[in-house]
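Trainee: Kindly produce the complete structure, drawing on both the sequences and the hints.
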Amino acid sequence: MAAEPSLRKDLTPDPRAGAPADRAHPVDQSLPPVRLLTSGLQHVAAMYAGVVAPPMIVGPAVGLDATDTAFLMGASLFTAGIATLLQTLGFWKIGARLPFVNGVSFAGVTPMVAIGRDRGHEGIAVIFGAIIVAGLLGFLLTPYFSKLIRFFPPVVTGTVITLIGLSLLPVAFTWSQGGAPGTDDYGSLRNIGMAALTLVIVLALRKLLRGFLRQIAILLGLVIGTLIAIPLGMTGFDALADADVVGFPTPFHFGAPQFEIAAIISMCVVMLVCMTESTADMLALGRIVDRPADRRTIEGGLRADTLGSALSPLFNGFMCSAFAQNVGLVAMTGIRSRFVVAAGGGILIVLGLFPVAASVIALVPLPVLGGAGVVLFGTVAASGIQTLATAALEKGENGVIVAVSVGVGLIPIAAPEFYHAFPEDALVVLDSGISTGCIVAILLNLAFNHWGRAEVSAAVHPPAGSAAEAAAPAPGARPATPR
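Residue numbering for the sequence shown follows my numbering, beginning at 1 and increasing consecutively.
Since the hints were made in silico from the structure, they are not lab data. Just so you know, these numbers come straight off a predicted model, no measurement behind them. It cannot be assumed that every hint is accurate.
Unchecked claim - Label pairs and their calculated CB-CB ranges:
(1) Tyr186 - His420: 22 to 30 Å
(2) Thr67 - Leu136: 24 to 32 Å
(3) Lys93 - Leu37: 25 to 33 Å
(4) Leu363 - Val34: 21 to 29 Å
(5) Phe248 - Pro33: 37 to 45 Å
(6) Gly182 - Ala262: 26 to 34 Å
(7) Ala415 - Gly193: 39 to 47 Å
(8) Trp92 - Arg117: 37 to 45 Å
(9) Leu427 - Trp92: 31 to 39 Å
(10) Pro292 - Pro33: 41 to 49 Å
Every residue gets a Cβ at the ideal spot worked out from N, C-alpha and C, and that includes glycine.
Mentor: See below:
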C-alpha cells in the first residue's frame, strides 16, 4: 500500500488555493509597530480586570494588608505576561504559538482562600508551594493529557466553546452593575446606563469604522466610555496618585514556599481543571484562526500553561491558565497574529514592573468594561454555536449530548447554590460550568458515539484484505454519491 502523503505544514498555505506557497499563515504574520501596540493593548484591556481580580480576593481573605495585596496584583500582571510570551512565542516544545493569552485562573480562587485563610504571609507561602508542585506535575502529565484530543469532536468542542461564552457573560453583567454585590452604587441606573452606553458605542464603532480602526473598536469604546465616565465621577484617580513608579516583584517576597500535602492535592485538582479548560480554549482558538489545534499544538500549549504556573510563584504570582475572553476578541477583530498577543504579554510585564502604568489601565470603570464584555463574551458563545452547526446534531444522539452538557454546565450560573451540600474539594470542579460541561460532553460522546460501536467502526474501516476493502473505491476516486 502506498505511503500516506505527508501533512502540509501550517506555515505553507495550499498553492491550489491561489495563495503564494511561501506566504506565512496569518497567525505567524506580524503587524506594523503602531498596529501591533494598539492591538496588544486592546487584549490587555480585555483581560486586565480578570488578572487582578483573584489577588484582590485572595489577598484580603488570607489576611494581607492593602500594600501586600497591591504587590500581589502587580506580580500577577508580571507573571501573566511571562506566561503569555511562553504561549505565543514559545521555545523548544513549549507554547501553542497561537494568539493565546494566559493569566491568573479563577478556578484556584476558592481553594486558595481555603488554604490560606487568616494565615497571612504563611498562608501565601503554602499556596505558592502547592502551585509549584501542581505546575511541575502538570508539566510531566502533558504528553498524556494532550492525547485526549480525539475525545474533542465538534459536538464536544462546540458545546464547551458555547459554555465558555455563557459562563463569562455573568462576569460582564457583574461589571456592568459596578462590581460585587454590596459595593457602593451596585446595580444603580448610572452604572447600568454607562454599561449600555459603552455597548452602543462599541456597536456603533463596529458599524461605522473600517479597516484597522474597526478592529480596535473595543479599545476605542473603552477609551470613549472612560472619558465620559470622568465628569460623572465614576473614575477615581487615587490609585494613580498612590502608585509607585517602579516596583519589581521581588522573588519570594512572602518567604520561601511551604509544602503541605492537603494544599498540594487541592491545587493539583485545580491544575487538571485548568488543563481541561485550556485544551477547550486552544481547540476553539484553532478553529477561529483557521489553524486547527492538533495534538502537538495542545501539548505545547499545556506545557506553557503548566511551566508558567510552576514559575509564577517564584515572582509571587498564582496559577496561570487560558483567558477565554481574549479568544472572543480574536474572533471579533479578525486579527490572528500571535505577535499581537505577544505584544500584549510585553505590556503586561511592563505593567507589573511599573505600577503607575498599571494604574492607568485601572482607570477604566467596571461598568465600561461590562458593556464591552457583553460583546466579547457573546462572541465566544457565537463561535461555539457556529462550531455546533458542523456537528451533525440531527444524527444519532448528538442533540441530546449538547442539551444535557449545556444544561449541566449552566448549573453554577443559573443556580449558584446548587452544590452547597457537596464537599468543598468537589466544588473546585463543580463550580466551573466549563469543566463540568466539558466532562459531561466527553462522557456522553463516548457513551453514544464510541462505546458499543465496534461493528460500525469495522464497517467504516474494514480490515486489510477484506471483501469490504476490495469493494472500496481506490484512493482519490470520486465517490458515487456526495459525502
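Trainee: Confirm or reject each hint.
Mentor: Now the hints, each set against the structure:
1. The hinted range of 22 to 30 Å is satisfied by Tyr186 and His420, whose Cβ atoms lie roughly 23 Å apart.
2. Between Thr67 and Leu136 the Cβ separation comes to about 31 Å, which falls inside the hinted range of 24 to 32 Å.
3. Against the hinted window of 25 to 33 Å, the Cβ-Cβ separation of Lys93 and Leu37 comes to about 30 Å, which satisfies the hint.
4. Our hint of 21 to 29 Å for Leu363 and Val34 holds, since their Cβ atoms are close to 22 Å apart.
5. Taking the beta carbon of each, Phe248 and Pro33 are about 26 Å apart, not inside 37 to 45 Å as hinted.
6. Taking the beta carbon of each, Gly182 and Ala262 are about 31 Å apart, inside 26 to 34 Å as hinted.
7. The hinted range of 39 to 47 Å is not satisfied by Ala415 and Gly193, whose Cβ atoms lie roughly 29 Å apart.
8. For the pair Trp92 and Arg117, the beta carbons lie near 39 Å from each other, so the given range of 37 to 45 Å is met.
9. Look at Leu427 against Trp92: about 36 Å separates their beta carbons, and that is inside 31 to 39 Å.
10. The supplied range of 41 to 49 Å is broken by Pro292 and Pro33, whose beta-carbon atoms lie about 30 Å from each other.
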